[in-house]
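Sequence lines, in order, name chains D and G.
Under our numbering, the first residue of the first sequence is numbered 8, with each subsequent residue one higher.
Under our numbering, the first residue of the second sequence is numbered 281, with each subsequent residue one higher.
Simulated from the structure, these hints should not be mistaken for laboratory data.
Please note that the accuracy of each hint is not assured.
[Stated by the list, open to error] Cut-off 20 Å, straight-line C-alpha distance, at most; resulting in silico cross-link-like pairs (EDC-like, lysine to aspartate or glutamate):
1) G/K375 to D/E54
2) G/K304 to G/D714
3) G/K442 to G/D487
4) G/K444 to D/E14
5) G/K442 to D/E14
[Stated by the list, open to error] Restraint-style ranges between C-beta atoms, simulated for each label pair:
6) D/Y44 to G/W331: 22 to 32 Å
7) G/T592 to D/G22: 55 to 65 Å
8) D/T10 to G/W331: 45 to 55 Å
9) D/T10 to G/M615: 18 to 28 Å
10) G/R619 to D/L24: 46 to 56 Å
11) G/A700 to D/T10: 27 to 37 Å
12) G/G343 to D/H45: 48 to 58 Å
13) G/I458 to D/R47: 27 to 37 Å
In this text the structure is predicted, and so the values were computed from the model without any measurement.
Beta carbons are placed, not taken as given, at the ideal position from N, Cα and C, and that holds for glycine.
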Amino acid sequence: MNTLLREAAASVQMGWLLGAMTVVFLVCFVGWIVYAYHPRNRELMEEMARMPLGDGGDS
Amino acid sequence: MERVATGTGAGVSETTVYDDQIVKMFFTATTVWALVGMLVGVIIALQLAWWPANLGLPWTTFGRLRPLHTNAVIFAFAGNVCFTGIYHSTQRLLKTRMYSDRLSRVHFWGWQSIIVAAAITLPLGMTQSKEYAELIWPIDVAITLVWVAFGVNFFGTLARRKVKHLYVAIWFYMSFVITIAVLHIVNSLVIPATLFRSYPIYAGLTDALVQWWYGHNAVGFFLTTPFLGLMYYYLPRAAQRPVYSYRLSIVHFWGLVFLYIWAGPHHLLYSALPDWAQTVGMVFSIMLLAPSWGGMLNGLLTLRGAWDRVRTDPILKFMVVAVSFYGMSTFEGPMMSIRAVNSLAHYTNWVIGHVHSGALGWVGMISFGMMYWMIQDIWKRKLAHPSWATHHFWLATIGIVLYTVAMWAAGLMEGLQWRALNDAGRLAHPIFLDITTRLEPFLWLRLLGGTLYLIGAIMMAVNFWQTIRGPERPADAAAVPAAA
């Protein structure tokens with residue numbers, strides 16, 4: 008194993024927790040990308056892009 | 281003065297009265313503290329070029345005025361400008377008044393009192409000696425209480441919103457409110473010894489790591505995410521163009537907040553911190569380039585179809601330069617976090633140049649653009665001197681260029697001379713003071729750049745003062761019409 012990685016592994020505690028958190032964060036991030044780019048949400052995204060001009064502006 | 285928005289949800293007409301008084305209060309405080317913070321910056325720039333300017337008094341020496349400058353520009357100027365934009369845009373994006381007017385006032389007066397307390401204690405030499413977290417523990421407690429009041433008010437407003445989806449600016453504001461609370465509390469954990477003195481609960485290296493986890497994320501979540509929220513609201517409004525890609529803004533937000541929080545260890549390269557932890561900081565810093573540039577491009581491309589107006593509209597000029605400097609400083613930062621580059625840059629004036637390209641270029645310019653737009657909107661007045669806004673823009677832009685170029689040149693020179701070896705393998709410049717003396721022309725050039733920037737800010741403040749005192753404009757002559 009790479010010396011750097013061995014040192015890292017040796018100096019952290021509860022490495023399994025850090026690993027699990029990394030996976031959870033990655034899945035969350037991929038989830039947000041899927042949500043943003045899903046064709047079903049296209050209309051919503053276009054509506055939100057106009058929000059400062061319409062709903063979010065002064066009437 | 282308050283704005284009235286009407287909606288017809290479910291066939292029932294509703295009227296929402298926004299609290300714009302609190303916006304005006306924060307706006308005014310921003311203008312005042314901008315001048316104070318930048319003036320102190322110019323004074324300490326003079327002290328570095330010409331030491332007798334420290335006046336030989338302990339209260340006016342660089343060591344005490346430097347934290348006063350950083351606290352004033354970050355927490356007084358940038359803090360108040362964030363609150364100005366957040367109180368203004370949150371109500372409009374959520375179609376509701378702030379949750380509690382009382383909490384808004386507690387937030388305002390509490391925050392200004394903290395700033396005054398900082399302005400008294402720092403020149404007196406009362407400090408915790410942690411960069412950007414110098415304030416003594418009683419003030420830290422006050423910050424926590426005021427921040428909680430702000431948080432309750434902000435999330436209370438979210439809870440009673442009249443829209444279903446939260447616009448991306450609100451997400452950026454949420455990250456600001458939550459993360460700053462966590463950073464401030466964790467980094468300020470101390471054991472008080474007296475009213476003015478305390479000792480951190482962390483020791484040695486852990487203290488350093490917690491401090492730079494805080495320090496770098498203060499840049500990330502105090503000077504970046506709330507200002508990106510402001511960019512995503514005020515740039516489309518000023519340009520009258522929808523956001524180029526809302527999808528990209530979502531990826532921008534999540535990418536940025538996931539990565540930023542790990543980048544702090546790049547401040548501790550070549551320190552006693554384990555190598556692997558330094559590498560984690562470096563790698564996450566480099567990855568930050570992707571969401572940062574995604575956001576920069578999203579901002580610039582939002583102007584598609586409005587570029588002709590950039591030639592004539594000073595508000596858009598400020599915003600374009602701000603987003604460009606955001607791009608430049610978020611390229612420079614990851615580059616400087618690379619070990620080999622950091623070995624040259626660390627402890628040199630290059631770092632000062634980098635931070636000011638972000639602070640003056642990104643934070644300052646987006647703030648000025650937003651304020652020139654907002655004063656006409658909430659006070660319902662035309663700018664007293666529209667041409668002064670353009671003069672301010674050019675003074676600020678030239679000032680930043682002089683400042684950063686001077687600091688880059690100074691930093692590279694001293695970094696290279698510190699490490700230079702002669703043929704015998706000995707230091708080519710063994711006398712440290714010689715290298716320091718050679719910096720002098722660059723320090724004067726930096727002073728000139730900072731002075732130009734301050735003159736621009738003074739012109740802005742006078743312009744604002746005369747605008748507010750001027751006649752109210754007719755409702756149909758809005759300088760920046762809002763689409764209904």
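Status of each hint after checking the structure:
1. G/K375 to D/E54: Holds: G/K375 and D/E54 sit about 16 Å apart, inside 20 Å.
2. G/K304 to G/D714: violated (51 Å)
3. G/K442 to G/D487: This hinted pair is violated, its Cα atoms lying about 44 Å apart.
4. G/K444 to D/E14: violated (48 Å)
5. G/K442 to D/E14: Violated, at about 52 Å.
6. D/Y44 to G/W331: 22 to 32 Å: violated (58 Å)
7. G/T592 to D/G22: 55 to 65 Å: Between G/T592 and D/G22, where Cβ atoms are some 59 Å apart, the hint holds.
8. D/T10 to G/W331: 45 to 55 Å: Roughly 47 Å apart at Cβ, these two residues keep to the hinted range, so it holds.
9. D/T10 to G/M615: 18 to 28 Å: Holds, since D/T10 and G/M615 (Cβ atoms, about 26 Å apart) stay within the stated range.
10. G/R619 to D/L24: 46 to 56 Å: violated (28 Å)
11. G/A700 to D/T10: 27 to 37 Å: holds (31 Å)
12. G/G343 to D/H45: 48 to 58 Å: Between G/G343 and D/H45, where Cβ atoms are some 55 Å apart, the hint holds.
13. G/I458 to D/R47: 27 to 37 Å: Given range 27 to 37 Å: holds, Cβ gap about 29 Å.
Checked against the numbered hints given earlier, this structure breaks hints 2, 3, 4, 5, 6, 10; the rest are met.
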